[in-house]
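Working from the sequences, and respecting the hints, build out all of it.
Chains as they are written, first to last, in this note's numbering: chain A, 34 to 352; chain B, -17 to 250.
Hints listed in this document are in silico derivations from the structure and should not be mistaken for laboratory results. Heads up, the beta-carbon is just placed ideally off N, CA and C, and yes, glycines get one too. Worth double-checking, as some hints may not be accurate.
To be verified - According to the in silico footprint, chain B covers these stretches of chain A (three or more CB under 8 angstroms from chain B):
{"#": "1", "stretch": "42 to 51"}
{"#": "2", "stretch": "80 to 92"}
{"#": "3", "stretch": "198 to 211"}
As the list claims (entries may be wrong) - So these bits of chain B aren't anywhere near chain A, every CB distance computed over 12 angstroms:
{"#": "4", "residue": "Ile29"}
{"#": "5", "residue": "Leu63"}
{"#": "6", "residue": "His64"}
{"#": "7", "residue": "Lys152"}
{"#": "8", "residue": "Ala172"}
{"#": "9", "residue": "Leu185"}
{"#": "10", "residue": "Asp212"}
{"#": "11", "residue": "Pro214"}
{"#": "12", "residue": "Asp240"}
{"#": "13", "residue": "Pro250"}
Claimed, not checked - Partial selection, computed: residues in chain A whose CB lies under 10 angstroms from chain B:
{"#": "14", "residue": "Leu59"}
{"#": "15", "residue": "His69"}
{"#": "16", "residue": "Ala70"}
{"#": "17", "residue": "Leu74"}
{"#": "18", "residue": "Ala75"}
{"#": "19", "residue": "Gln77"}
{"#": "20", "residue": "Arg319"}
{"#": "21", "residue": "Glu326"}
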Amino acid sequence: MKSLAAMLALLIALAAISTGIGASHLSPAALWSDNHALADLARQVVVDIRLPRTVLAILTGASLGLAGAVLQGLLRNPLADPGIMGISSTAALGAVIAFYFGFNLVVAGGILGSLAAVLLLVGLAGRQAGTLTLLLAGMALSSLAIALTSLALNLAPSPMATYEILFWLLGSVADRSWNHVYTALPLMLAGWAVLGSTGKGLDALALGEEVAHSLGVNLARLRWSAVAGTALAVGAAVSVTGSIGFIGLVVPHLMRPLVGHRSARLLPACALAGAILLLAADIVIRLLSLRVELKLGVATALLGAPFLLMKVLRMRERE
Amino acid sequence: MRRLAAAFLFLLGAAAQAQAEAPHRIVSANLCADRLVMALADRDKVISLSKFATDPNLSTVVEQARDIPLNQADAEEIAALHPDLVIFGQYTQKASSDMLKSLGYSVYMLPHPRDLAAMRKTIRDLAARLGVPERGEALVADIDAKLAALPPHKPARAVFYAAGGWTSGKPSLADDLLQHFGAVNLATEAGIGANGTLPLEQLVAAGPDLIIVESLGDKRQVSLAEQLLDHPALAERNVRRLDMPMKLWDCADSALVDAARLIDEALP
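This is the structure:
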């Protein structure tokens, strides 16, 4: 419990920093300034611009961390991750199709997209597919989704197409409004609830399918919960932020040595750590202040890709 | 001496004439080139325009372009038209223009002017290449006169803001126009060059009087980048907002006068 409390404290501290920094160098202290114009401006900058960004980073990070932990447990595959397995990019594809061809239900598109991806992958895993098969299937799915996203955007009647492709493939939480938070929040919360309910089942599953079965775990239901939860949480996140990779991969690996393998502790720890990692990455890119702001998806890939490579090399050594 | 000079000038003129033999089969593969070619060249010498020439959201020459075949800036397609001059934009499909050059076609690369001075040079150079330098002079003089007729305003703080937070500082046409009216360009103030992104909170904190938003004409498209323009933080403050049709803005030609008139009306 101690480590969870420490992480929560860290997350709160980061959130405070996140609302305190930004391109305008305006301090939140100005909220209580006697100068009315300044206080009004500060309210806008802090409450309308920085806060939704912070909240969205936390929600998205937590969704990705949690989904990563559940997927790794369900597939018993240390490299499972919504990004690597193509779930995020398929969610982006769904959102793009919904967005540009006028269905106006972007979140529904994102969720349907990720649902299709998770169903396919879990279906494969159910046929005793190994780590390698799953990863390759994920890679194929991811490439296909990226290609189709680009195609859809090229066909979409918008001159911003090229820019938009970048946007969806390399996610970001910059300059999002509360509307984005309100759209995604309920669906993410529902996703978390469903994902959280898989804890006991995952613990049993870690001992093998037969043992889990003899312990009374309904494997089909467990699978469905993981699928639905991931689709809801990741789909909703991606449809407002674009696809942000590697959080779901890295976080469970960092958390297992810290809190152990028991889901009751691992899942909340992964949600918290995902939020911390993504928020920290978003703070770093704001501090870098390049001429054009670095995309959050670029930052997480810079962190996550070397981590993935390291994991793969370690697995090879063990073999 | 005088006669010598006159003879020299005559020779120079003849040489220039020979070098820039007026083309008769002109193909434009770029929107801005379409618009300038239609303003400068004889219509019957234009055998093809880019596919954007008839898009009412982008083109100012939709009417004139009617009946002129359109191209996709594709090398094979253009070669089949037997052009004696092909005009590409500086940033359009480099592989296609390189291919045409290597096949021996006369390819003119139209620069993308960053400011009004560059625009004048671009128009004059293209007119010379089309063999109608006097029309180039006249067009430049016309634009300059119309801009000069628009009076300066009292100092205001303004910025061009496009989807995704893109904006233009110095040097840019946006900056030149705002300067013409005596307005402060917030992008230049923020140290942004010809192109860059301005984070929303920096824009809000800079206290703009006028935000000039690039709009795509009558049918504004939904895109995630454009959602930024509807961010409550932009709508909430009492900031004037001017929707600038993209077609008045995307090329450096006489449409800029219309853009300037809109800014003139919107500025406090």
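Each hint tested on the structure:
Counting residues of the stretch 42 to 51 of chain A whose CB lies closer than 8 angstroms to any CB of chain B gives 0, which falls below the minimum of 3, so the coverage claim is violated. Under the rule that three or more residues need a Cβ within less than 8 angstroms of chain B, the assignment of the stretch 80 to 92 of chain A holds, with 3 such residues. With 6 residues carrying a beta carbon less than 8 angstroms from a beta carbon of chain B, the stretch 198 to 211 of chain A meets the three-residue requirement, and the given coverage holds. No Cβ of chain A approaches the Cβ of Ile29 (chain B) within 12 angstroms, the least distance being about 26 angstroms, so the stated non-interface status holds.
No Cβ of chain A comes within 12 angstroms of the Cβ of Leu63 (chain B); the nearest lies about 25 angstroms off, and the non-interface call holds. Remark: the non-interface label on His64 (chain B) is consistent with the geometry, its nearest Cβ contact in chain A lying 30 angstroms away (cut-off 12 angstroms). Non-interface status of Lys152 (chain B) relative to chain A is upheld: no Cβ of that chain comes within 12 angstroms, the nearest being about 14 angstroms off. Under the 12 angstroms C-beta cut-off, the non-interface status given to Ala172 (chain B) relative to chain A is violated; the minimum distance is some 9 angstroms.
At roughly 9 angstroms, the least C-beta separation between Leu185 (chain B) and chain A is not larger than 12 angstroms, which violates its mark as non-interface. A cut-off of 12 angstroms between C-beta atoms contradicts the statement that Asp212 (chain B) is not in contact with chain A; the least separation is 8 angstroms. Not every C-beta of chain A lies more than 12 angstroms from that of Pro214 (chain B), the closest at about 5 angstroms, which undercuts listing it as non-interface. No Cβ of chain A approaches the Cβ of Asp240 (chain B) within 12 angstroms, the least distance being about 19 angstroms, so the stated non-interface status holds.
No beta-carbon of chain A is positioned within 12 angstroms of the beta-carbon of Pro250 (chain B); the least distance is around 17 angstroms. A least Cβ separation of about 6 angstroms between Leu59 (chain A) and chain B falls short of the 10 angstroms threshold, and the interface hint therefore holds. A cut of 10 angstroms between beta carbons decides the hint on His69 (chain A): the least distance to chain B is about 13 angstroms, and the hint is violated. About 9 angstroms separates the beta-carbon of Ala70 (chain A) from the nearest beta-carbon of chain B, less than 10 angstroms, and the hint is met.
With a cut of 10 angstroms, the hint placing Leu74 (chain A) at the interface with chain B holds, because the nearest CB-to-CB distance is about 6 angstroms. Interface restraint check for Ala75 (chain A): the shortest CB-CB distance to chain B comes to about 9 angstroms, inside 10 angstroms, so the restraint holds. A hinted interface residue such as Gln77 (chain A) counts as satisfied when its beta carbon comes closer than 10 angstroms to some beta carbon of chain B; here the least separation is about 5 angstroms, so the hint holds. Look at Arg319 (chain A): its Cβ gets to within about 8 angstroms of chain B, closer than 10 angstroms, so that hint holds up.
Given the 10 angstroms rule on beta carbons, the hint for Glu326 (chain A) holds: about 6 angstroms separates it from the nearest Cβ of chain B.
Consistency with the previously given hints fails for numbers 1, 8, 9, 10, 11, 15, ordered from lowest to highest.
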